[in-house]
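Protein sequences, first through last, are from chains R and X.
The numbering of the first sequence is the working numbering, which starts it at 1 and goes up by one.
The numbering of the second sequence is the working numbering, which starts it at 1 and goes up by one.
Hints are supplied without guarantee of correctness; some may be wrong.
Unchecked claim - Derived DSBU-like pairs (lysine-lysine); straight-line CA-CA distance at most 30 angstroms:
no., chain 1, residue 1, chain 2, residue 2
1, X, 68, X, 106
2, X, 106, X, 69
3, X, 58, X, 106
4, R, 15, R, 62
5, X, 106, R, 11
6, X, 69, X, 58
7, R, 11, R, 78
8, R, 62, X, 106
9, R, 62, R, 78
10, X, 68, R, 15
11, X, 68, X, 58
12, R, 78, X, 58
Hints were generated in silico from the structure; no laboratory data involved.
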Amino acid sequence: EAEVAQSPRYKITEKSQAVAFWCDPISGHATLYWYRQILGQGPELLVQFQDESVVDDSQLPKDRFSAERLKGVDSTLKIQPAELGDSAMYLCASSSGQPSGYTQYFGPGTRLTVL
Amino acid sequence: AQSVTQLGSHVSVSEGALVLLRCNYSSSVPPYLFWYVQYPNQGLQLLLKYTSAATLVKGINGFEAEFKKSETSFHLTKPSAHMSDAAEYFCAVTPWGGADGLTFGKGTHLIIQP
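Starting from the given sequences, assemble the full structure and let the hints guide the process.
This is how it looks when you write it as structure tokens:
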């Protein structure tokens with residue numbers, strides 16, 4: 001069964017450093033989402049891509065966060081500089097976008113710890 | 001605007017007992033509704049979804065949920081709890097059509113007592 005791949009699974013960094021997370025969606029899925037999940041809470045949408053275009057980045061802290069999906073396939077989420085409050089699980093999800101296929105499938109996540 | 005409220009951050013049931021996890025939503029347009037399960041340090045796995053077809057939705061692992069528009073609810077149930085059901089459960093909503101990002105509740109931690 002196809003899965004969403006994410007790497008790394010765990011990342012520890014010091015504040016003010018740059019970090020990057022990678023996501024490879026299920027093959028053929030045009031829509032890709034990045035969510036942030038703070039410990040003890042539900043995920044919150046950061047950014048949504050349709051192919052290579054950003055559809056919604058209203059909740060992305062653009063002063064320090066950036067996201068790209070250059071060829072409309074895999075995606076990278078970057079934080080620079082990292083702050084203590086960025087410690088969280090970063091989840092990537094994808095969906096096919098077909099009328100019967102808007103279900104979002106999630107990857108295993110990247111757990112970020114900022115020291 | 002839309003939101004999800006999950007009543008009870010922790011629910012404890014005995015093995016073999018009925019599981020009931022509550023979810024109420026607020027949406028200005030007809031919603032799609034989802035239940036996801038999350039095991040420690042893992043991503044989210046879809047249990048079931050409501051997309052305006054049948055109001056009683058059956059999912060994986062014996063779970064089901066009923067969409068009640070009049071009550072704006074989408075409660076998750078399972079007739080008989082198993083130890084392996086212990087996990088975090090999230091209810092989520094997105095506007096009809098399903099193309100937008102999901103808005104999640106805060107989650108309910110299900111504890112199964114032996």
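Evaluation of the provided hints:
1. Proximity of residue 68 of chain X to residue 106 of chain X is assessed by CA-CA distance (about 21 angstroms); at most 30 angstroms being required, the pair is judged to hold.
2. The suggested pairing of residue 106 of chain X with residue 69 of chain X holds, with an alpha-carbon distance near 21 angstroms, which does not exceed 30 angstroms.
3. Straight-line distance between C-alpha atoms of residue 58 of chain X and residue 106 of chain X comes to about 23 angstroms, which keeps the hinted pair within the 30 angstroms bound.
4. A C-alpha spacing of about 17 angstroms is found between residue 15 of chain R and residue 62 of chain R, which places the hinted pair at or below 30 angstroms, so the restraint holds.
5. A distance of roughly 24 angstroms separates the Cα atoms of residue 106 of chain X and residue 11 of chain R; the hinted pair therefore holds under the 30 angstroms criterion.
6. Taking the CA atoms of residue 69 of chain X and residue 58 of chain X, the gap is about 18 angstroms. The hint holds against a cut of 30 angstroms.
7. Taken as a hint, the residue 11 of chain R and residue 78 of chain R pair is honoured in the structure, with Cα atoms around 13 angstroms apart against an allowance of 30 angstroms.
8. Proposed proximity of residue 62 of chain R and residue 106 of chain X is supported: the alpha carbons are some 25 angstroms apart, at most 30 angstroms.
9. A hinted pair counts as satisfied when its Cα atoms are at most 30 angstroms apart, and residue 62 of chain R with residue 78 of chain R qualifies at roughly 10 angstroms.
10. The straight-line distance between the Cα atoms of residue 68 of chain X and residue 15 of chain R is roughly 46 angstroms, outside the 30 angstroms bound, and the hint therefore fails.
11. With a CA separation close to 15 angstroms, the supplied pair residue 68 of chain X and residue 58 of chain X stays within the 30 angstroms bound.
12. Taking the CA atoms of residue 78 of chain R and residue 58 of chain X, the gap is about 38 angstroms. The hint is violated against a cut of 30 angstroms.
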